[in-house]
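Novice: Listed here are the chains, written in short residue letters.
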Amino acid sequence: MSGRGLFGRIDWLTIFLYAFLVFIGWINIYSTTLSDPNASIFDFSTLYGKQLFFIGVAGVGIIFVLFIETNFFERFASIFYIISIFLLLGLFLFGKTIAGATSWYDLGFFNLQPSELAKVTTALALAKYLSDIQTDIKNRKHQLYALLIILIPAILILPQPDPGSSLIYFSLFFVLFREGFPLYYLGIILVMVTLFAATLMFGTVWIAIALGLLTGVIFVFKKKSTKIPLLPLGGIVILSILFSLSVDFIFENVFEQRHRDRFALWLRLEKDEGKLEEIRKNIGYNTYQSEKAIESGGFFGKGFLEGTRTKGDFVPEQHTDYIFSSVGEEWGFMGTVTVILLFTFFFLRLIFIAERQKNDFSRMYGYGVISILLIHYFINIGMVIGLLPTIGVPLPFFSYGGSGLIFFTMLLFIFLKLDSNRLKDGI
Amino acid sequence: MKKLLLSSIIVIIGFTFIGRLSYLQLFSFSPNQTLEDPAIKAIYDYPERGYVYDRNGELMVANQPAYDVMVIPREVKPLDTLEFCGLLGIDKASFIDKMKKAKIYSPRLPSVLVPQLSKEDYARLQEKMRHFIGFYIQKRSLRYYDTNSAANVLGYISEVNERDLENNPYYVAGELKGRTGIEKQYEEILRGRKGVKFIQKDRFNRDIGPYKNGKLDTLPEQGKEIHITLDKRLQEYGERLMHGKRGGIVAIEPKSGEILAMISGPTYDPALLVGRKRSRNYSKLHYDTISKPTWDRSILAEPSPGSPFKIMNALVALQEGAITPESKFRCYNGFYVGSKKKGCHCGGGTRDMNSGIYQSCNAYFAGTFRKIYENFSSTDKGMDVWEKHMKSFGLGSYLGTDIPTGRPGRIPGKGFYDKWYGDGRWGSSTIISNAIGQGEVAATPLQLANMTAAIANRGYFYTPHIIKNVGSTGAIDSRFTERRETTIDKEHFEPVIGGMANVYKYGTGRWVQVPDIEIAGKTGTVENFVRINGERMQLTDHSVFIAFAPVDNPKIALAVYIENGYYGSRYAGHIASLLIEKYVKGEITRKDLEKRMLEKTLEHEYAKPYSGEPFKINEYVW
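Chains as they are written, first to last, in our numbering: chain A, -16 to 410; chain S, 551 to 1172.
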């Protein structure tokens, strides 16, 4: 086997899917940002020209990654992580503010967004920690350390403010679950999310009544022989009610009005139809326009460069976060479903690759990659098609932006590099 | 489990997304994209509606400009409402109401705020218009009538309603559409086709160029003028003669089936249904349920035809060989049905066909009618043959004209009587009233005129129609140029027409002769009843007359039916003779008669049943 070079061992199917997604993404950026049809596609003063340049940079990055020695990533994972934590801290002193968020370093020719870099390094660090021979996932203390690796960058990013990026780190829980982290943590998260939504919709009083009834039901229908552990049950009920109260407090006192409006729209909290419509037109304007643009595409779409709403700039931020609405308008249902299927296939392929790793580090890192890409995809498209509230995260490989594209590419190709080496790891 | 967790989540997300996308792109998708897209604005270019000319090229309907005040709600900036309302001539409450409606219809599409300003209001408003942002004035064209006649024939146009918009994607709110008459029938020819220009807009509603480089844009297609078969002068004259009278008149050119005049009394000036006062005037006309000016009696009224129908029975009897022209029947100042005597005004004596017709002898035709049925082994068979002959004259069914409304009249068949009396429980005696046009038969004035034209042609007719040319020479539907044969042979017409000609020379119509024109006609006096507040009362007879002239080379065939005009020659006969003279000679020699007919009204007759007091009918007073 050692006779086959890197090109024989790398997973070409994934590379093909990656290239295809990048290509479709660029096509749509071209259509969205085109203003002068006679300009060259290599005109770097245009956004699509710049994106083409970023694709080139990403290509160089790919070559760079593929020729680094495989062990490099595992060996230096901790150092990368610490560097990126310092970079995140440094933002508080030297950060550049763009659009209200202090998330960038101004490098002159390029704005570096350390939260993008930190996604890669956190995934590496988590994999490194969990694959350490001394780490035991069943051990509470080790679980806490693993959680800290995820939470530190998330908490540092939150006050930039960039809650969207912060949310991304929570997806790394999937790595933990894959590696044997108890699944009831997932249950707890789901209960908390449900309680959060239910509190907003019905209020703490009803939550308390519902929990009381539920406890009553458990007592009525229990088997005579079963003993109910009273103390923990009571504790859970009280904790739930406290959580519910804190949700109220946070919602009213910590959230800003625009956040409250987003939830009011998403959960239909506002009962006054007129006010709801008002919110829809202000806070929900982007989503409303993006839904309408997608809807107007119908089955076949309006055709490449024929999207009237795209041309008329009806969807704000269409080339970045709302790029998928352009797919919907110009390529129709056929286009959108193709993209969804491509992503689905892409993710399943990555899981397949992750599972075939013999090296724990490679597998864990692979899961980190999948989790991070997946949550971007989920939040972004969910928001664009109106299923989720507005949370600004880019669509991997699609959205306009250098940092995003380059770091997503690094994230992916480090994994492919590790994969290409899997047979050697076995020795 | 832990290995499958993430894969399942990926697949579930995929399905959820595809489900949502199906809802958006397949379920909510509306195919009417170009019009609903806020990024595309359609600008219309309306062609002028086609003019209408009469058979001699005289203008009847043209256009005049009018100005609509339009509003695009989302572009409206705060304004001096009071001043604006003052200029528009509306009050503030209705302004607010209209603005609300416009907003509900669409915040970004134009709605009509105030339709059809007069030229004066427009001039006043135009100077100040720039202060009112979000409003603009759109020029439209309204109908202008160069005649005060033929309102029901010409019909009117009005703004499309929501149902029209749903049914026909061509129309856009605020456009006009033919509602009745030829405006409705020839809507697409007169209307032409509006041109459209699509403009691509950005989200600030600024024009950013033509949509698809103007590939979908169209040029307006001019509305075509049409020439109709009416003779404007005859029509106007006929309507003047109908002054103060109710009834219908239809005149047809026998050799072509062209309708020369179609008059309904009372009528109204077509200009009433134009412009801003249209809806008020329309309500006034529409809710006049006693004289019913919008109810076109010439095509919708279905009275019993009366004596003119005797001619039809004579033709059927001749065709079936039941009688010859020389067959004689005795009149006992009436005739007997069983032991019951029915009266006759002819004076009694022995009658043959010629004198039977010109004296309108009831007994002669009762005998003839019985003979038809005696010719067959059963009444049912006789009935079928009789019905077939009658229907071949276009009686008892829709004629298939190009007038968008009408009634079929009635020629009863055996099924009708089986239902009425029971199978086998009726015979020619039971239905003997049909012999003299009084029984169950019914016909519109248009059908009577067409029947007269078929007689004038000695056995055929052309479907009556109102269209002469599309454009100035264009062809018309071939169904109007196809000869329709009746089932009566040519030779049987001569004896009947001889009788009809004698109606003028010696008979019931001798009072209404026209010098130098030989007319064939037949009077009719139709008993009629009305039910008012549940009480059935008999009113003065309807006066009916059919005629064609000249006898040898018929140029005009007409039917006149005057409600409660008493005997046939009294009103209908006089009016028919004046119309024939006017049409054939071009001028009236009998000025006294003309004056009398123009001045006389029947309002006193029409008031009788509503007076609440007992009244006399069929009075001889003039």
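Wrong hints could be hidden among the right ones.
[What the hints assert, rightly or not] Simulated restraints, written as ranges between beta carbons of each label pair:
| # | chain 1 | residue 1 | chain 2 | residue 2 | range |
| --- | --- | --- | --- | --- | --- |
| 1 | S | V722 | A | F75 | 54 to 64 Å |
| 2 | A | F69 | S | S580 | 21 to 31 Å |
| 3 | A | T80 | S | R674 | 36 to 46 Å |
| 4 | A | I374 | S | A673 | 23 to 33 Å |
[What the hints assert, rightly or not] Under the rule of at most 20 Å between Cα atoms (straight-line distance), these lysine to aspartate or glutamate pairs were calculated in the EDC-like manner:
| # | chain 1 | residue 1 | chain 2 | residue 2 |
| --- | --- | --- | --- | --- |
| 5 | S | K591 | A | E260 |
| 6 | S | K765 | A | E289 |
| 7 | S | K552 | A | D119 |
| 8 | S | K552 | A | E338 |
| 9 | S | K650 | A | E289 |
| 10 | S | K650 | A | D19 |
Simulated from the structure, these hints should not be mistaken for lab results.
All figures in this text were calculated on a predicted structure; none of them were measured in a lab.
Cβ coordinates follow ideal geometry from the N, Cα and C atoms, glycine included.
Novice: Tell me, which hint numbers fail for this structure?
Specialist: 2, 3, 4, 5, 9, 10
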